[in-house]
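We have chain P; now place chains Z and R onto it with these hints.
Each chain, written out:
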Amino acid sequence: MRKKVLWTLGSVAAGLLLAACAPNATQDTLQPVGDVAKQQKALFVPVFWVAVAVFVIVQGGILYIAIRYRHRKGRDRMPRQTHGNTRLEIGWTIAPAVVLAVVTVPTVAMIWDLARPAGEGALNITVEGYQWWWGFAYPDDDMVTEWDRPIAIADTMVVPTGRQISLALESKGGGAQDANQDPDFQVIHSFWVPELFGKQDVVPGRTNHIVFSVDEPGTYTGQCAEFCGLQHGRMKLEVRALEPADWDAWVENQKTLAPSPTDPLAQQGEELFLNPLSDGRGACTACHAVGDQGGAAAPNLSHFADPQHTCFAGCNWPIEDREALAAWLADPGAVKLGAKMPDYQLTDEEIDALVAYLYSLT
Amino acid sequence: MASVTVPATPRGLLKRPTAITGAFSWFTTVDHKKIGIMYGVAAFVFFIVGGLEALLIRTQLYRPDGTLLNADQYNQVFTMHGITMIFLFVMPMSSALFNYLIPLMIGARDVAFPRLNAYSFWAFALGGLFLYSSPFLGGAPNGGWFGYAPNSTTDPSIGMTFYALGLIITGIASTAGAVNLTVTVVNMRAPGMSLFRMPPFVWMGLVVQFLLVFSLPIITVALFQLLFDRRWDTAFFDPTRGGDPILWQHLFWLFGHPEVYILILPAFGIFSEVLPVFSRKPLFGYQFVVFSGIAIGFIGFGVWAHHMFAAGLGPVANTAFGISTAIIAVPTGIKIFNWMGTMYGGDIRFTSAMLYSVGGVAMFVIGGLSGVTHAIVPSDYQQTDTYYIVAHFHYVIFGGAVFAFFSAFFYWWPKVFGRRLGEASGKVQFWILLVGFNLAFGPMHVLGLQGMIRREYSYPESLGLTFWNQVSTVGAFLIALSVLLFVVNVVRTHMKARGEAVEDPWDARTIEWMTTSPPPVHNFDEIPTVHSLDEFWHRKYVEDERTGTLVPAQAGAADTHDDGRAGHGAIHLPSPSFWPLVSALGLPIMGYGVLYSWWLVGLGALVVLTGIFGWALEPSVAEE
Amino acid sequence: MADLAITPGHGAAEPHDEHATTTGLPNTKIAMWVFLASECLLFGALITTYVLYRGASDTGPYPADVFDIPYTSVSSFVLLASSLTMVLSLAAAQKRDVARMRLWLLATALLGLTFVGGQVYEFTAFYDEGLSITTNLFGTTFYVLTGFHGVHVTVGILMLLSLVGFSVADRLPDDAAFPVEMVGLYWHFVDIVWIIIFTVVYLIPSPSPAPA
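Those protein sequences? They're chains P, Z and R, same order as listed.
Residue numbering for the first sequence is 1 to 362, as defined by our numbering.
Residue numbering for the second sequence is 1 to 624, as defined by our numbering.
Residue numbering for the third sequence is 1 to 212, as defined by our numbering.
Incorrect hints may have been included.
Derived SDA-like pairs (lysine to any residue); straight-line CA-CA distance at most 25 Å [said to hold, decoys possible]:
1. R:Lys29 <-> R:Glu181
2. R:Lys29 <-> R:Ser167
3. P:Lys73 <-> Z:Trp431
4. Z:Lys427 <-> Z:Phe477
5. P:Lys255 <-> P:Ala289
6. P:Lys73 <-> Z:Ala424
7. Z:Lys540 <-> Z:Gln287
8. R:Lys29 <-> Z:Phe210
9. Z:Lys427 <-> Z:Leu463
10. P:Lys38 <-> Z:Val390
11. Z:Lys427 <-> P:Lys38
12. R:Lys29 <-> Z:Val186
13. Z:Lys496 <-> Z:Gln470
14. P:Lys73 <-> Z:Leu550
15. Z:Lys427 <-> P:Arg68
16. Z:Lys427 <-> P:Thr82
17. Z:Lys540 <-> P:Thr82
18. Z:Lys540 <-> P:Ala289
19. Z:Lys540 <-> P:Leu265
The set of hints was computed from the structure by calculation and includes no laboratory data.
Same shape as in the complex, but just chain P (with noise of 0.2 Å):
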């Protein structure tokens, strides 16, 4: 009978377990690609184990004791009346302590190991967290554009494998507004990637880090996981990591401006991207970049459709969704509710020219 119960809550905990690693999650924090996220699974799952153990001790216990001292019909009892045991209670107060004293040798070690600074040769990336969307700038002498500005993208961060990455992340805010004049706050985010490593906070007025490598090429998912107002939930990102080789390549493209369009409807999207809209609606480069045009309100758009750019838009569509690009230019808080690119009233012609032109920056 107890055997029996403990076995059963023995298999249901490995199930739980098992449950966690299913392969259809693609953002799970028990599948780590990163040597962080390994690290970290490396530490959770044996104290996942002791608490399984001290699970079926204690609901065995319960069981057990429930069961066998349970009242039964026609057998008035007066149980004998004890009212503790000094020693055996010391004994639980001391072997929980003890357990606990075990497992916080190595957290304590972790703690330090992975508030350690990058070495030398680490790429170094700022993350920087707006209402709703993640920019990457890349500030290393050699990641210079011919432009002579740092590379900075949106929504996608590329990151090489094999290679110590340190990650300085800030919150920023700004110009951006929404269709209610609402500006864009500096709040606090949390940068993560499951696969890769845990969580860290983006706090307005101060700089946390994260250092981490990736062996894999791959793209893995993240999102903001601190609370950051309306479209918190639609804040998410993709990291690419790239071979060397096709590193170097994304960097080379990135330093150079993408080629005018030859395209007539491209073109037109270009003209319409680079000059104020008519009727005096605004301009695109009020809060958008290309090159060395454009302001630093909304994700830069030099490389927007660089072939490892997966995302846009908060990283909720594939680039290669043609309709779901148009439909954001149409009326971004439509697709995404209080988005703070307001709506520009932009005809049906003029999103296919923008839609073009977007598609040409390669």
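Relative to the frame of chain P, chains Z and R by itself:
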């Protein structure tokens, strides 16, 4: 036999209310029992409202890309769910139980300040209504119950201003209540009831009141700062003027973590009362349970930054708070063993009350264990702000406190209303609740580890989170079903004619069962003199110290040396009063004034002052 | 009514005078101490905020630009002196010398009013020098901390004047020492808090602002 007089003559600014029965008397009552019932009813109503909000959340998340609510509505709903359940349900429901039971359990005729008690209730109830007026006045709070600045200071909706004002009002209510109950326990115990003869429920109540007294002022300051930032553009949390958002987090969690124990210690007290009664054994290691409760109270003030491991406080702070968090697990954990020790060797009668307590202990264990994994700081970097945390604190607060409340309802219902709730229905409700609860919150552990963040209004199908979300939603509706069953049970119980005698239905141990059920307005005809812990039990049974066996006490031979020094002559009970309601009424008026107009602030202040002066000038007992 | 205590905001004592309390102390006295313990944390949090933000203002006016230490020292002395008159009024109440009790209560209230008036003047002067509650972190934390204290003093003055009024209207018990003692406890607490605020805010020089 003492005679009770509640006389009154018109005096003061308004005609003194005299009725102690009838609908109107509820507005003027200062009887701790009536106030306790009102606390309970109000808290239960808010529990239903908060539960409906939870169902909205779960329905939204049943499918990927849910569209029942938009982002704005979802943020309001989850924020109100949190605020409601914490500030308008669990805290006042604890107040309900403390209010009703503490005076009875320590042998007092009322709390120390009956009118202040009424004031606490009205301020809480009006504060809750104030918060719930926000959806009709431009939007409910939408920045989470934790209200992190600067999102909460910059959000353009009016909601977070309501949040700051509403919580300041309920905070005033809780502070007044905490001062009142502290004095009651310290100063109004029956003769012979030394501190270590107090029932554990009273002990936990005392610790909770101390936690409230010392933690509420901190959140009050933080809320004022938030309010000033929002309303008058001060710079407390404004990073563009040098303000530090982390300050809010420190102040909030300096309150927020003790708050967790404010929510859970009443449950520990309930378990410690119910388990011994239905095991027919004394609480195993009473002193251990009491001292560990006190220890939790102290250490509870030293663990707040474990809510901020990912905030970048640095390795020193993270190490220190990781260790302190591990330490607080010890006094919490040993109580579990004490409860098991209580049941061990007992004669366990699984009434509904007992089922809820045993189930509550078992569920709390799960929450405790997942809590320990948060103390593993680097692994918490992965877990924090995910559904793993949501699972954790629901196992603690729902599994602990809500199960305990249901246990308390079934256990003390006969005391309060003179009727027993339906046992069969209670047991069915328990099993539905247990299954529903685990289906609702168990899968959230998995979802969190699979990378589902908290507070997102929808998730895409590509993350593979759909299945467990659906399980969770089904569980949530099972919980709703079990709560519905409880409501039906209550209605049926009170529609039936009063049946069996309920003077001592459970063979109880503590002195609240020594008076009639429901108790008379003056609680005890004669205040019992207390000779030991579990006084009532020891009057019924004589224990052989050597063997630990019990024999029923001979009728009349029981030790009943009540000196009854309170019992002779007329008992002057405090008379009903308008003034607590009046002065509480001024608070929300001032709140609306802050939002809309200075003259309303002035009017509210005037109402408060009128209430206080009326109160001060009116004798607590109307003159004969 | 034997021991009606007037302590606005926290209720009159609900006397259970038919039987003694467990500790032998009146309920109201314990309540006042518990309440003041809570108040310690309130001011603790406010003072902590001020201290954490010392020198964090990114723009002037800075403390050194506006503070007039001799002026505030005098008004601090006035507030401290009011603690003395409070003690005198309690002594008079204990001797059942109603006239003296009223006199010293009025004196205490008057000194308190002088202090609050001084604070209002000081706020106006600072405001004229360009320091508002929104100017910088110093303005924010300074006005809110000293403002909270000022409100506490004002409430205390109301309580003192109410005592006098109740006494004149013959609504105080013959032995008025108890309510006077309770109001006194509150009053002394508010004074002590001011000593801390005065030291932390005015006397300890703020780190000089970073050069622009």
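Tested hints:
| no. | hint | in the structure |
| --- | --- | --- |
| 1 | R:Lys29 <-> R:Glu181 | holds, 9 Å |
| 2 | R:Lys29 <-> R:Ser167 | holds, 20 Å |
| 3 | P:Lys73 <-> Z:Trp431 | holds, 22 Å |
| 4 | Z:Lys427 <-> Z:Phe477 | holds, 18 Å |
| 5 | P:Lys255 <-> P:Ala289 | holds, 14 Å |
| 6 | P:Lys73 <-> Z:Ala424 | holds, 17 Å |
| 7 | Z:Lys540 <-> Z:Gln287 | holds, 23 Å |
| 8 | R:Lys29 <-> Z:Phe210 | holds, 17 Å |
| 9 | Z:Lys427 <-> Z:Leu463 | violated, 39 Å |
| 10 | P:Lys38 <-> Z:Val390 | holds, 23 Å |
| 11 | Z:Lys427 <-> P:Lys38 | violated, 45 Å |
| 12 | R:Lys29 <-> Z:Val186 | holds, 12 Å |
| 13 | Z:Lys496 <-> Z:Gln470 | violated, 39 Å |
| 14 | P:Lys73 <-> Z:Leu550 | holds, 20 Å |
| 15 | Z:Lys427 <-> P:Arg68 | holds, 20 Å |
| 16 | Z:Lys427 <-> P:Thr82 | violated, 29 Å |
| 17 | Z:Lys540 <-> P:Thr82 | holds, 17 Å |
| 18 | Z:Lys540 <-> P:Ala289 | violated, 85 Å |
| 19 | Z:Lys540 <-> P:Leu265 | violated, 95 Å |
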